[in-house]
Amino acid sequence: MSGWTNHLMIAPIIIPLVVGAAMMLIDERRRTLKAALGVASTLVLLVLAIVLLRMADGMPLDGGAVTVRVYRLGDWPSLFGIVLVLDRLAALMLLLTAILGCAALVFSLARWQHAGAHFHSLFQFQLMGLNGAFLTGDLFNLFVFFEIMLAASYGLALHGSGLARVRAGLHYLVINLAASLLFLIGVSMIYGVAGTLNMAELANRIAVIASEDRALVEAGAAILGIAFLIKAGMWPLGFWLPNTYATVSAASAAIISILSKVGIYAVLRLWLLMFGESGGASAGFGGVWLLAGGLLTIAFGSVAVLATQSMARLAGASVLVSSGTLLAAVGAGQSAVIGGALFYLTSSVLAIAGFFLLIELVERGREVGADVLAVTREAFGEDEELDEDDEVGVPIPATMAVLGASFIACALLLAGLPPLSGFLAKFAMLGPLLSPGGTGVSTTAWALLAALILSGLATVIAMTRTGIDVFWASPVDTVPRVRVVELAPVILLLTLCVALSVQAGPVMRYMEATARSMQAPHGYIGGVSPTPWPSATVEGGDR
Amino acid sequence: MELILALGIGVLTGSGVWLLLRPRTFQVIVGLSLLSYAVNLFIFSTGGLRTGAAPVLERGAVGHLATHADPVPQALVLTAIVISFATTALFLVVLLAARGLTGTDHVDGREKDR
Chain Z
1419 MSGWTNHLMI APIIIPLVVG AAMMLIDERR RTLKAALGVA STLVLLVLAI VLLRMADGMP
1479 LDGGAVTVRV YRLGDWPSLF GIVLVLDRLA ALMLLLTAIL GCAALVFSLA RWQHAGAHFH
1539 SLFQFQLMGL NGAFLTGDLF NLFVFFEIML AASYGLALHG SGLARVRAGL HYLVINLAAS
1599 LLFLIGVSMI YGVAGTLNMA ELANRIAVIA SEDRALVEAG AAILGIAFLI KAGMWPLGFW
1659 LPNTYATVSA ASAAIISILS KVGIYAVLRL WLLMFGESGG ASAGFGGVWL LAGGLLTIAF
1719 GSVAVLATQS MARLAGASVL VSSGTLLAAV GAGQSAVIGG ALFYLTSSVL AIAGFFLLIE
1779 LVERGREVGA DVLAVTREAF GEDEELDEDD EVGVPIPATM AVLGASFIAC ALLLAGLPPL
1839 SGFLAKFAML GPLLSPGGTG VSTTAWALLA ALILSGLATV IAMTRTGIDV FWASPVDTVP
1899 RVRVVELAPV ILLLTLCVAL SVQAGPVMRY MEATARSMQA PHGYIGGVSP TPWPSATVEG
1959 GDR
Chain R
551 MELILALGIG VLTGSGVWLL LRPRTFQVIV GLSLLSYAVN LFIFSTGGLR TGAAPVLERG
611 AVGHLATHAD PVPQALVLTA IVISFATTAL FLVVLLAARG LTGTDHVDGR EKDR
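Heads up: the sequence lines are chains Z and R, in that order. Here the working numbering is used: position 17 in the first sequence is 1435, and no number is missing along the way. Here the working numbering is used: position 90 in the second sequence is 640, and no number is missing along the way.
Fair warning: there could be bad hints in the mix.
[Claimed, not checked] Not everything, but these chain R residues come out facing chain Z in the computed CB check (under 10 angstroms):
id: 1; residue: L557
id: 2; residue: V578
id: 3; residue: V580
id: 4; residue: F594
id: 5; residue: T596
id: 6; residue: V627
id: 7; residue: A636
id: 8; residue: L645
id: 9; residue: G650
[Unchecked claim] Reference listing, derived: stretches of chain Z covered by chain R, where coverage requires no fewer than 3 residues with Cβ under 8 angstroms from a Cβ of chain R:
id: 10; region: 1572–1579
id: 11; region: 1591–1599
id: 12; region: 1606–1615
Hints are computed from structural coordinates only; laboratory data are not their basis. Nothing here was measured: the structure is a model prediction, and the numbers come from that model. Cβ coordinates follow ideal geometry from the N, Cα and C atoms, glycine included.
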């Protein structure tokens, strides 16, 4: 493992850092230059992510083989220094980030980049934080990248300013600062007992921790988990999420929507490493909580989906539903289910980002408060008075037709209806749960099945209602003026979902390989820290 | 020493949480600062408390946790201080913006119905 290809791993962090910092120095008025730099950097990141994904996919999967590539910063041994680790899961998340980055940035070129200062720098730092959080193999480094990601997201959330954004942004800031403090407490408790921050080494040591210290490590992990679950928006911790996501400008919302998946990613990675099958006496710790929390989140998200009156909040509530689905699937704890869950994650990240972008385009042509009016009218049974002259023979403008078709695609994806990838993902999760080898179907499986189907139903109802209000009820509304650069990212994201459905076989094979390598983390642990505990307690002198 | 430190962390955390739950943005930011001090002390204490022990090795010396302080928590606490300082400053800006836009220092941007 040598040569320049080995350094590709750190490029997804370095490139946005350098480009973002350089753009700080460029005068704010030179917009074209900044936009060109931003787009170039994001496209390079996309190419890199594809290369890294192919690299990760090429690694062996058989028992005992190393399934990761490790990049040691400063070439310190992994016990002392910080390592970056590339495995299938990290590569998948990198690719998703890059795709969302491209879509959101191209979308912002039309108008959002002009709404405030330093948009492009913030955007690059956001990508840097996300990439770093996915690549790092060190718990405290994960905290640092979380903070970079969050600091950039504060900026992006407030981008465009305005009363509603500042008000929601204030809450978002406070809750995330508090969560960061919990993150620190959890990390330091784990360090205090286990004596390491390296994730792989931690997984090594978790099984041999003395029984009197075990409660302390588990408490630390639980506090850490709460910090992640606040990001993911699990039920009692996620009330901030729909509010924030609804006020954020569309381009920022599309990229910020992956932040909730970062919480899921962290839970998935750390939980399977620390409390997977190699966890000793702690194996499976907290699984029930994840499952119950996930189910409650689905329930809350479904009610929120039904209750919302605006499209942006509907999208926020869909984020909650998808977080809940993922948490419950992870908590169910079977490797086959996790493969399906990763497929669901991919599909829902793309669909929700596409939906956030679409909402802004659709709402452009409508008067403020039209949603609230429509729902109230429905509730009180007042019919809209129809002008009969206008109704006959009005052709649908091409723009509205494209927007409408995209909306239908989003609805199918979010609700999980065939033929698109949302359905395949739910099927891939439920299939293994409902056909276990020999034994009957467990209560857990039934609960998850019911939750998934009911949340799908709630989404269908809400999306249909919104769709009718927006696309059918008001032909006299002015057609939104939409530019091609704004429509293209939406169509790109939705086309990718269609591609996911068509190419479900190869994609699912990758997801299952990912799930298998995560369920049996020996490949990860062996790849990162070749010297097992306790041979390397204290060393010194000959550095 | 452990007792005093534990009490200190406890008092800071208690005050911090109480202030965090108050309705004024200024109270919230002071609460967050107190909480971050408590967390920083907590991180520092996870390396074990000891007086007169150096965290850095002399040239040629062999380090051992019995004679040396653990350098990692000190490095962590330094990072944590920098980050919490930066985010607090950021929060201060948002706080001022909210005060300017809403005309009130309530965290919800509007006073409760009087």
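Claimed coverage, the region 1606–1615 of chain Z by chain R - three or more beta carbons nearer than 8 angstroms: Per the Cβ count (5), the hint holds.
Does the closest beta carbon of chain Z sit nearer than 10 angstroms to the beta carbon of V580/R? violated, 12 angstroms
Agreement of hint L645/R with chain Z interface, Cβ distance less than 10 angstroms: Hint on L645/R: holds, closest Cβ of chain Z at ~7 angstroms, below 10 angstroms.
Quick check on V578/R please, does its C-beta sit within 10 angstroms of some C-beta on chain Z? holds, 6 angstroms
Can you verify the interface hint for T596/R: is its Cβ closer than 10 angstroms to any Cβ in chain Z? Since chain Z brings a Cβ to about 3 angstroms from T596/R, closer than 10 angstroms, the hint holds.
Minimum beta-carbon distance criterion (10 angstroms), G650/R to chain Z: holds, 9 angstroms
Against chain Z, run the beta carbon of A636/R and see if the smallest gap drops under 10 angstroms. holds, 7 angstroms
Given F594/R as an interface hint, is its Cβ closer than 10 angstroms to any Cβ of chain Z? holds, 9 angstroms
So, as I understand it, the hint says L557/R touches chain Z; can you test that by seeing if any CB pair is closer than 10 angstroms? With Cβ-Cβ at 17 angstroms, over 10 angstroms, it is violated.
Is the shortest C-beta separation between V627/R and chain Z less than 10 angstroms? Because about 9 angstroms separates V627/R from the closest Cβ in chain Z, which is inside the 10 angstroms limit, the hint holds.
Would you check chain R against the region 1572–1579 of chain Z, counting CB to CB pairs closer than 8 angstroms, and say if three or more residues qualify? Answer holds; 3 residues pass the 8 angstroms Cβ test.
Are at least 3 residues of the region 1591–1599 of chain Z within less than 8 angstroms of chain R when you compare beta carbons? Since 6 is at least three, the answer is holds.
Hint check: violations occur at hints 1 and 3; the rest are consistent with the structure.
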